[in-house]
Amino acid sequence: SAVISQKPSRDICQRGTSLTIQCQVDSQVTMMFWYRQQPGQSLTLIATANQGSEATYESGFVIDKFPISRPNLTFSTLTVSNMSPEDSSIYLCSVRTTASTGELFFGEGSRLTVL
Amino acid sequence: AQSVTQLGSHVSVSEGALVLLRCNYSSSVPPYLFWYVQYPNQGLQLLLKYTSAATLVKGINGFEAEFKKSETSFHLTKPSAHMSDAAEYFCAVSAGDMRFGAGTRLTVKP
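Residue numbers (my numbering), protein chains in the order written: chain A, 80 to 194; chain B, 1250 to 1359.
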């Protein structure tokens, strides 16, 4: 398994501002992903964070709105830019380890409320 | 492409009763299948996984699931519900990245 720390755990933000979420893993992992969970909804994959290169975004998500960095094998950031109330969600970092047989491990999530 | 469908957004059982949460999958390649649980204000915790070995998979907290290829199903069961099982349950399929079902909220009545 892997221990995943996300910061902040929650925040209240003003419309038009940006917020960066950090994800730190306690061991090297093969893949890192960012998911969004809107209130009362399931998880939607935003992007795959690629180490040392641009993230791979899913349909409906763009780099200008959700820039992602992954400078090394254990750390990634997701920025939610120019926020609106529709961005109020839980953002979850997840990883696949070298020992994994497909499963993902999740952080506790970052709960954002945009006013 | 792969996807999962969870039948029933809400399931309510009495404490001690059988828990059955339904999941059907669609995948163009042999899938890996998973069940996760999410307690309030927490991330997702892996309950169990199917990775093409035994079709009956046992997980944590007394849960198990059976992979049935002919029915494209991977239903989650537990013989006797506890109050602590109340949570949101997600079925997921992976053939590369992971896709989640809509989730089933389990309520356990005393």
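Quick caveat, the hints were computed from the structure, so don't treat them as lab data. Quantities reported herein were computed from a predicted structural model and do not represent experimental measurements. For glycine and all other residues, C-beta sits at the position ideal for the given N, C-alpha and C. Check each hint, because a few of them may be wrong.
[What the hints assert, rightly or not] Cβ-Cβ distance ranges computed for the label pairs, FRET-style:
no.: 1; chain 1: B; residue 1: Ile1309; chain 2: A; residue 2: Thr109; range: 17 to 25 Å
no.: 2; chain 1: A; residue 1: Glu133; chain 2: B; residue 2: Glu1313; range: 15 to 23 Å
no.: 3; chain 1: B; residue 1: Tyr1288; chain 2: A; residue 2: Thr192; range: 17 to 25 Å
[As the list claims (entries may be wrong)] Per the computed footprint, the stretches of chain A lying under chain B, defined by three or more beta-carbons under 8 Å from a beta-carbon of chain B, are:
no.: 4; segment: 91-103
no.: 5; segment: 151-159
[As the list claims (entries may be wrong)] Counterexamples of contact, computed for chain B against chain A with all Cβ distances above 10 Å:
no.: 6; residue: Val1260
no.: 7; residue: Leu1267
no.: 8; residue: Leu1269
no.: 9; residue: Ser1275
no.: 10; residue: Leu1293
no.: 11; residue: Phe1312
no.: 12; residue: Glu1313
no.: 13; residue: Asp1346
Item to complete: May I ask you to check that B:Leu1269 keeps its beta-carbon over 10 Å from the closest beta-carbon of chain A?
Response: holds, 20 Å
Worksheet entry | Whether the CB-CB distance between B:Ile1309 and A:Thr109 falls inside 17 to 25 Å | holds, 24 Å
Worksheet item: Beyond 10 Å from chain A, beta-carbon-wise, is B:Leu1293?
Response: At about 4 Å from chain A, B:Leu1293 fails to clear the 10 Å cut-off, so the statement is violated.
Fill in: Whether B:Val1260 stays farther than 10 Å from all C-beta atoms of chain A, as the label says
holds, 16 Å
Discussion item. How does the segment 91-103 of chain A fare against chain B when you require at least three residues with a CB closer than 8 Å, holds or violated?
Written reply: violated (count 0)
Discussion item. Please verify that the nearest CB of chain A lies beyond 10 Å from B:Asp1346's CB.
Written reply: B:Asp1346 is in fact no farther than 10 Å from some Cβ atom of chain A, at 6 Å.
Worksheet item: Are all C-beta atoms of chain A more than 10 Å from that of B:Leu1267?
Response: Non-interface label on B:Leu1267 holds, nearest chain A Cβ at 25 Å vs cutoff 10 Å.
Worksheet item: When you take the CB atoms of B:Tyr1288 and A:Thr192, is the distance between them in 17 to 25 Å?
Response: Taking Cβ atoms as reference, B:Tyr1288 and A:Thr192 lie about 20 Å apart, which means the hint holds.
Fill in: B:Ser1275 non-interfacial with respect to chain A [C-beta, more than 10 Å]
holds, 16 Å
Discussion item. At 10 Å, judged by beta carbons, does B:Phe1312 keep clear of chain A as stated?
Written reply: holds, 15 Å
Worksheet item: Taking a Cβ-Cβ distance under 8 Å as contact, does the segment 151-159 of chain A have three or more residues in contact with chain B?
Response: Contact hint for the segment 151-159 of chain A vs chain B: violated, 0 residues under 8 Å.
Worksheet item: So is B:Glu1313 really clear of chain A, every C-beta pair being over 10 Å apart?
Response: Given that every Cβ of chain A is farther than 10 Å from that of B:Glu1313, nearest at about 16 Å, it holds.
Hint check: violations occur at hints 2, 4, 5, 10, 13; the rest are consistent with the structure.
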